[in-house]
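Chains as they are written, first to last, in our numbering: chain A, 11 to 261; chain B, 11 to 261.
It is worth saying that the hints were derived from the structure and are not from the lab. Incorrect hints may appear among the rest.
As the list makes no split between identical chains, a pair holds if one copy fits it or if it spans any two.
[Said to hold, decoys possible] Each computed DSSO-like pair below joins lysine-lysine, with the alpha-carbon atoms no more than 27 Å apart:
| id | residue 1 | residue 2 |
| --- | --- | --- |
| 1 | K150 | K257 |
| 2 | K210 | K101 |
| 3 | K246 | K36 |
Number of protein chains: 2
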Amino acid sequence: MASTSPDRVTAALLVIGDEILSGRTKDKNIGYIAEYLTAVGIDLREVRVVSDDESAIIEAVNALRHRNTYLFTTGGIGPTHDDITADCVAKALGVDISHDPRAVAMLKERYANPDDLNEARLRMARIPHGAELIENPISKAPGFMAGNVIVMAGVPAIMQAMLEGVMPKLKVGKTMVSVSIDSGGLPEGAYATGLGEVQKAHAGVIIGSYPHFDGQRFINQIVLRSRDETLLENAKKAVSDLISQLKSNAM
Amino acid sequence: MASTSPDRVTAALLVIGDEILSGRTKDKNIGYIAEYLTAVGIDLREVRVVSDDESAIIEAVNALRHRNTYLFTTGGIGPTHDDITADCVAKALGVDISHDPRAVAMLKERYANPDDLNEARLRMARIPHGAELIENPISKAPGFMAGNVIVMAGVPAIMQAMLEGVMPKLKVGKTMVSVSIDSGGLPEGAYATGLGEVQKAHAGVIIGSYPHFDGQRFINQIVLRSRDETLLENAKKAVSDLISQLKSNAM
Numbered sequence: 011m012a013s014t015s016p017d018r019v020t021a022a023l024l025v026i027g028d029e030i031l032s033g034r035t036k037d038k039n040i041g042y043i044a045e046y047l048t049a050v051g052i053d054l055r056e057v058r059v060v061s062d063d064e065s066a067i068i069e070a071v072n073a074l075r076h077r078n079t080y081l082f083t084t085g086g087i088g089p090t091h092d093d094i095t096a097d098c099v100a101k102a103l104g105v106d107i108s109h110d111p112r113a114v115a116m117l118k119e120r121y122a123n124p125d126d127l128n129e130a131r132l133r134m135a136r137i138p139h140g141a142e143l144i145e146n147p148i149s150k151a152p153g154f155m156a157g158n159v160i161v162m163a164g165v166p167a168i169m170q171a172m173l174e175g176v177m178p179k180l181k182v183g184k185t186m187v188s189v190s191i192d193s194g195g196l197p198e199g200a201y202a203t204g205l206g207e208v209q210k211a212h213a214g215v216i217i218g219s220y221p222h223f224d225g226q227r228f229i230n231q232i233v234l235r236s237r238d239e240t241l242l243e244n245a246k247k248a249v250s251d252l253i254s255q256l257k258s259n260a261m
Numbered sequence: 011m012a013s014t015s016p017d018r019v020t021a022a023l024l025v026i027g028d029e030i031l032s033g034r035t036k037d038k039n040i041g042y043i044a045e046y047l048t049a050v051g052i053d054l055r056e057v058r059v060v061s062d063d064e065s066a067i068i069e070a071v072n073a074l075r076h077r078n079t080y081l082f083t084t085g086g087i088g089p090t091h092d093d094i095t096a097d098c099v100a101k102a103l104g105v106d107i108s109h110d111p112r113a114v115a116m117l118k119e120r121y122a123n124p125d126d127l128n129e130a131r132l133r134m135a136r137i138p139h140g141a142e143l144i145e146n147p148i149s150k151a152p153g154f155m156a157g158n159v160i161v162m163a164g165v166p167a168i169m170q171a172m173l174e175g176v177m178p179k180l181k182v183g184k185t186m187v188s189v190s191i192d193s194g195g196l197p198e199g200a201y202a203t204g205l206g207e208v209q210k211a212h213a214g215v216i217i218g219s220y221p222h223f224d225g226q227r228f229i230n231q232i233v234l235r236s237r238d239e240t241l242l243e244n245a246k247k248a249v250s251d252l253i254s255q256l257k258s259n260a261m
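Model the full assembly from the supplied sequences, consistent with the hints where possible.
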């Protein structure tokens with residue numbers, strides 16, 4: 011990480027693409043980005059998925075970029091007519107967009123024959139003015155960071171490389187540490203009241219209860235998250251004590 | 011389906027849960043619901059993921075319910091303190107919420123011993139006034155439909171059963187039909203200009219190009235979608251002709 015800050019750093023993610031909303035393509039980027047950002051100390055606060063529609067994209071970009079440290083986008087930066095993300099981001103930010111010589115040079119690495127670097131492919135070098143490029147080690151066409159908006163490809167392997175590439179330029183906050191406690195077979199309803207009391211008594215720790223249904227029965231995990239390890243440790247003890255006590259009562 | 015309508019029926023989906031945004035849980039509901047709604051003729055237009063935060067949930071519910079025929083939500087209807095979806099939906103709709111006798115009766119089927127139906131579990135019977143219940147064949151605690159807001163569990167197996175259960179009550183539009191054409195090895199940049207021209211000439215058909223990277227190379231699918239089979243057939247022919255022509259040029 012290039013820089014760290016004790017302040018809270020937040021992010022939103024905008025997934026762009028008809029194919030996600032039609033169910034044809036199953037998104038693999040939300041979970042990856044959520045886990046990645048959490049690990050580096052950036053709080054992902056909201057995700058939106060919108061179609062390849064100019065007004066929907068611009069509305070979402072403007073709603074999300076203003077209230078978060080960063081807005082990440084995935085999808086819509088290829089060479090075809092439905093790839094409109096770069097133009098929409100430029101409009102949302104109110105900046106011009108044109109072929110960026112640095113991006114054109116990157117494409118020339120891939121399309122050495124000038125005939126191959128046709129108009130459609132050159133569209134991938136259209137970059138909002140003032141943006142920093144994000145390298146694409148796989149297929150060269152770059153992503154970019156315009157203001158606090160980080161525009162990445164939708165193809166997971168390329169998105170992942172771009173995320174890795176842009177990260178040193180971003181500020182990150184204090185990492186959220188989490189611990190997970192198995193309820194040991196206790197159903198949620200048996201510990202819900204006690205867990206609510208533990209949550210009330212432990213500000214600075216976020217406590218959640220997550221049931222997983224394996225087809226036969228529920229397996230419940232209680233997850234505690236905090237930026238303060240002492241607070242987390244205290245809350246963890248309180249939850250563990252609660253579960254132990256309820257289990258011994260149940261015997 | 012109970013009723014069909016030639017009009018366009020749209021939906022939004024709101025996924026509620028810290029665990030999705032932290033990356034701890036990988037969402038499995040977005041893709042399932044997207045595919046399901048598309049198959050029955052409901053256009054999923056937007057998805058949002060928000061945390062277990064009252065103001066975030068209420069803001070999203072109100073933004074999405076007003077501009078879509080239906081708003082589906084997943085998550086946050088269990089017995090623990092972080093399950094606040096029902097209360098937030100009631101607040102967003104401006105209706106009261108209290109223990110619903112029908113929902114209490116459902117819970118009694120599961121918790122036959124009155125001691126087991128404790129205060130925390132009874133929270134799962136809190137239903138906004140005027141809502142219709144959606145049965146939960148797996149763990150009994152129901153979902154509900156309040157106005158045009160359809161509130162479902164986050165656990166995939168339960169959500170899927172609830173979606174199945176509520177569907178006969180919903181109106182659906184004319185089904186979007188889609189065809190997929192493999193680019194036959196042609197890269198996107200080779201057909202992007204031609205495909206854009208085909209799109210311009212075929213209103214009523216939505217054409218998208220979707221690259222998949224297999225770790226070595228891109229495999230591209232061109233997907234055409236329409237509610238009119240004749241328009242779809244014409245556009246399909248135009249795309250097939252384009253691809254054939256480009257491939258023979260490339261030989």
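Each hint, compared with the structure:
Taking identical chains as interchangeable, the C-alpha atoms of K150 and K257 lie at most 27 Å apart only when they sit on different chains, with a minimum of 24 Å there against 57 Å within one chain. Taking CA atoms no more than 27 Å apart as the test, K210 paired with K101 passes between copies only; the shortest distance there is 22 Å, against 45 Å inside one copy. With identical chains, the CA atoms of K246 and K36 are at most 27 Å apart between copies only, with a shortest distance of 24 Å across copies and 36 Å within one.
Violated hints for the displayed structure: none, as all numbered hints are satisfied.
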